[in-house]
Amino acid sequence: MLTTPLVNHTTTTTPRAYDGHTSVYLPTVATIVDVKDETALEKTYTIRLPGGQNLGHVPGQFVMVSVPGVGEVPISITSSPSRTGETFRLTIRRAGDVTGVIHTLQVGDEIGIRGPFGRGFPIETFRGRDMLIAPGGLGLAPARSLIDQIIDCRNDFGRLIILYGARTPSEILYMDVIREWQTRGDIELLMTVDRPDSLWNGHVGVITTLFEEIEINPYNTIAVTIGPPIMYRFVTIELLGKGLSPDQIWMSFERRMKCGIGKCGHCQVNHRYSCQEGPSWTYAEALAFEEAL
Amino acid sequence: MSLYILPKEKLGIFVEALKANFRVVGPTQTETGYAFEDIDHVEQLQLDYNTTILPPKKFFLPQREVLFEFHSDTHHDGRRKIDVRPVYQDVEPTVIFGVHTCDMNGIMLYDKVFAEGFRDEHYVARREQIYVIGVECLHPCDEASFCKDMGTLTAPPIYDLHMTDVGPHYMVDTGTPKGERLLLDHIDVAMARKEDIQELGRVLSAKWPQFKLRLKISKDQTPSLLALGYNARIWNELGERCLACGSCTNVCPTCFCFDVHDESNINMQDGERVRLWDSCQLAEFALVAGGHNFRQTKASRVRHRIMRKGKYIKQVHNLLGCTGCGRCERACLVNITIPGTLNALHEEMQLESGI
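As they're listed, the protein sequences go chains A and B. For the first sequence, this note's numbering assigns the number -13 to the initial residue and increments by one for each residue that follows. For the second sequence, this note's numbering assigns the number 38 to the initial residue and increments by one for each residue that follows.
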């Protein structure tokens, strides 16, 4: 298999220039080139920056998405760097005013983009390791960036284990893609739902129940878990119980970023600005600040 | 840099000369207290004021500031198009008279936060046009101030000019070359002589005994005290008292957090994205999509504010986040004070450790 080079780890974004001025708050006007319905609440948008400029992100980073007149929200990047050429993808849940309006937008409509922001996952340091990726719910959207990146450099990594939990079968994201992952033969994928419907014949229970089904080499595994705050408390117990050390466990601490550049204060976790120093932190790092978990 | 003598009767001439080229603001008497306002006549300028309700923060970080204008509309092909254009608000040559040393420490922090790291061009454009003229504090403002504890009773090196009242005249120190030009271009002043400088030394050394210490610990101990006291009982007690009104953060010279939101015109096509002063004391501050609030309780929000002042800002910017100005204490409706909190926390930690 061809090994594609991994992108450099960046933590910054470039201020936008306009009429000789620059402003870090000024979004780049981008165009929606595709919209895909995922579930009743989520859609995936394919977005093109002017001139097809590459977003230049790493898995785990986010962008600020603007609808002028409504506002700006932080959204995790769904596409992997390996699959980001002239466009990138964002899976967006309808959860408030801004995302509500985004859900009415169509192909050809323009939106504002700033970023990428934050510290993503240091995927270079994961090379050669077994990867255990445990997203819960919408956490699969940012996790997919990492998963696709690993798939595209599959020989650079050991096992790829995905443990995915959703609340109900109808909330499962990327079902078509998950089926592909299941049939590849080089991904160990387990799924569970909290509340099954009449058609579901898979695993039932919260995501932690999947951990009983797998054995991992604790010396050589990196775990990445992305989901709601409550999930981290229980998933970390499972991972520590399998012998992983806190610095083998990566998580994403998403907050309500308003500026993305470590100034506005909204995303602070104790003294840390998760928009800049996060959102990706190891459990070992997170243990050092009380507000993280 | 250099010390000059400005006779008090020449202050009016200096202010008038500045007004030809600058917006001139300074402490003035208002119905509710002193406030930094535009100076139309030199009589309005009250350089011997005790404290202002708001710090001069509003000239550096306007309460409401436009970041950019936008236009969005639907083209004939049905597609939504948008256009954005940055706005640089309140950028005009401005001289701020009479800044106390506590507030200069606040300005030093804004410079670190907004001009370093990701440069905030909106701030920098405005900042470059501002001249800070400090005034030496010779008496405590009132019982609420604790600048001596916080080490902010000495002017930090951010002033362009700094004035000390030495009786018949002001001693003026030029802190920057642009400050020196500002002085020499607008008024004819003499260099200080040896005896003037000796008199300045006497005035400065006489001021220190007038300022009382209020903290039972030194300012250098506050980060470690707060680290130890993260789970102290006092936060719950303060949380029960706090009204979550946000007055403390409004009047604070080192509170710079902001909210960002869009304001549309009635045509729903044109509008502005603005930033507004925000407060971590308000319930919605740490609320995320989906309804989870990372600081649900008032106790956690009061703690966050005090932690920022005494620990977090120091960790990020290597400056304490409290200048000891006392404004939050004067503004608080339920008498929550920073010295009171730190002293009580110190006592609680001593009891806990059995010292």
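Calculated directly from the structure, the hints in this document are not laboratory data. A few of these clues could be false.
[Stated by the list, open to error] Subject to a maximum C-alpha distance of 30 Å in a straight line, what follows is the list of computed DSSO-like cross-link-like pairs (lysine-lysine): (1) LYS95/B / LYS149/B; (2) LYS256/B / LYS335/B; (3) LYS29/A / LYS118/B; (4) LYS45/B / LYS256/B; (5) LYS244/B / LYS351/B; (6) LYS256/B / LYS22/A.
Okay, the hints, checked on the actual structure:
1. LYS95/B / LYS149/B: Cα-Cα ~17 Å, so holds.
2. LYS256/B / LYS335/B: With Cα atoms ~25 Å apart, LYS256/B and LYS335/B stay inside 30 Å; holds.
3. LYS29/A / LYS118/B: 21 Å, holds
4. LYS45/B / LYS256/B: 36 Å, violated
5. LYS244/B / LYS351/B: 28 Å, holds
6. LYS256/B / LYS22/A: It is violated: about 56 Å lies between the C-alpha atoms, which goes past 30 Å.
Hints 4, 6 from the list above are not met by this structure, while the remaining hints are.
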